[in-house]
Each structure stands twice: as C-alpha cells, then as structure tokens.
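Just need the whole structure built from these sequences, with the hints factored in.
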Amino acid sequence: MWKTLKPLFFTLFVLGNLPATVAQDLHLYDVTVAGFTIGEMEARKMDTEDTTTFRLTSKASFWLFGQINVDYLTEVVYVGDQLVSSSVTSSTNRGDFSSRVWLEEGVYQVDANSYNYEHRGRILEDITYSAVRLFFEEPVETDRMLAENYGVFGKVFQLKEGNYESLANGDKNRYEYQEGRLQRAVMQSPIKNYVIKRR
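All letters in the sequence shown, in the order written, are residues -23 to -1, 1 to 176 by mature numbering (1 follows the signal peptide of the UniProt record, and there is no 0).
The hints are simulated quantities; they were obtained by calculation from the structure and are not laboratory data.
The structure displayed is predicted, hence computed values, not measured ones.
One or more of the hints may lead you astray.
Across the chosen pairs, the derived CB separations fall in these ranges [as the list claims (entries may be wrong)]: (1) 176 with 151: 18 to 26 Å; (2) 129 with 61: 30 to 38 Å; (3) 17 with 142: 33 to 41 Å; (4) 165 with 119: 15 to 23 Å.
Dumping the calculated SDA-like pairs for lysine to any residue here, alpha-carbon to alpha-carbon at most 20 Å [to be verified]: (5) 174 with 38; (6) 174 with 9; (7) 132 with 110; (8) 132 with 165; (9) 149 with 115; (10) 137 with 160; (11) 22 with 137; (12) 174 with 50; (13) 169 with 75; (14) 174 with 138; (15) 174 with 5; (16) 169 with 70; (17) 149 with 130; (18) 174 with 158; (19) 174 with 3; (20) 174 with 4.
Beta carbons: idealized from backbone N, C-alpha and C, even for Gly.
Structure (structure tokens):
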C-alpha cells in the first residue's frame, strides 16, 4: 500500500511547498520635461494572499547646471487595507536620499530624508492610503494620503471627472485618469518638475 500512496504523498508535499500565486499589474510610462523624454517609469503592483506590494522604479537623466542622473525606487507594502511599510530611495550623481515609514508595535515610525528635507517622527493613526496608489487606481473614495517621501499626510482633490490634484509639503501634483487608469501626471519636484505619460 505504501508503494501506491508514496507518489501521492510526494505530490502533496511538492504542491504544499510551492510559493503562493502572485498576481501582478504592470504599467509603463515615459518621463518627460518640456516635451522631451528624459527617462522611463515602471509601476508594478503585486498581490499575494493578504499582502499587496506597490513598486515604482524610474531612471532619468537631464541637464540642470550639469548632467544629473536619477534612479528612483518606491516600495510600499500593505497587509489588507493597512500600510505596514514604505521605502523611497533616490540615487543621483549629486547625492543619495532615503525615506522610510514603518509600523512598529502599533505606531508608525518616520525617518524621511529627501532633497533639502528631513523629518523624523511618529504617526499614531492607521494609514490606509498613500501616494503610490495614485499610479494604480483613481482616488474616488479618498481625499487624504500619506506622502511616502516626506512621511506626512497630504490632500487629494477632484478637479473634474477623471482629474485630481494632490498637495503635500508644498508639492502640487496633477493626475489624469481614463476608465480608472492613470494616463498622465504632472509632478512637482524640488529638483526638477516633470510629466509622466502612459505608453
């Protein structure tokens, strides 16, 4: 009987140790300044069981009193509807910056360091929406978000159907959606303002 059941037990063991299925959503954008393409952005959403990971990666190169190269990575993790960690890193030939928000014993710790900006503190309330999600969904049910790179809350306003504006730490960004999918965004940055366009 063992010889008969052995293949079955082996199959069940292998299946039980396979990683959970990961559902992915991928969007590609061009990064432009004054109509010229200076780089690209990849927006990826990964779902596995009750955990969702949002990831933005971008590379850009432009002239600002000398050539500037920027590699930018945002990674935000939600469990259910609650943010549990966010990380924003930028690497440039003018310096590197990193901002983190993470949940520790029920309290969010903030360590934000971006261009001409530093902030350390705590957030005592739940975070259920952050800026990275604007790249994946139209914000029809929220008017508030965490700005991951600053570690502070910002506002989200609807300007007209499919058009929204966010405001955080003085940065004002505009987002344009069609059928709930982001098509274009005008982004303010302390280094250089830019536009992203869906491919």
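Here's how the hints hold up against the structure:
1. 176 with 151: 18 to 26 Å: holds, 19 Å
2. 129 with 61: 30 to 38 Å: violated, 18 Å
3. 17 with 142: 33 to 41 Å: violated, 24 Å
4. 165 with 119: 15 to 23 Å: holds, 20 Å
5. 174 with 38: holds, 16 Å
6. 174 with 9: Cα-Cα ~8 Å, so holds.
7. 132 with 110: holds, 14 Å
8. 132 with 165: Within the cut-off at roughly 15 Å; holds.
9. 149 with 115: holds, 17 Å
10. 137 with 160: holds, 15 Å
11. 22 with 137: violated, 26 Å
12. 174 with 50: Answer holds: residue 174 to residue 50 is near 18 Å, not above 20 Å.
13. 169 with 75: At roughly 18 Å apart (the allowed maximum being 20 Å), residue 75 and residue 169 satisfy the hint.
14. 174 with 138: Holds, because 19 Å separates the two Cα atoms, which is no more than 20 Å.
15. 174 with 5: Judged against 20 Å, a Cα distance of about 9 Å means the pair holds.
16. 169 with 70: holds, 15 Å
17. 149 with 130: At roughly 13 Å apart (the allowed maximum being 20 Å), residue 130 and residue 149 satisfy the hint.
18. 174 with 158: It holds: about 12 Å lies between the C-alpha atoms, which stays within 20 Å.
19. 174 with 3: holds, 14 Å
20. 174 with 4: Holds, at about 10 Å.
Hint compliance for this structure: hints 2, 3, 11 are not met, and every other hint is.
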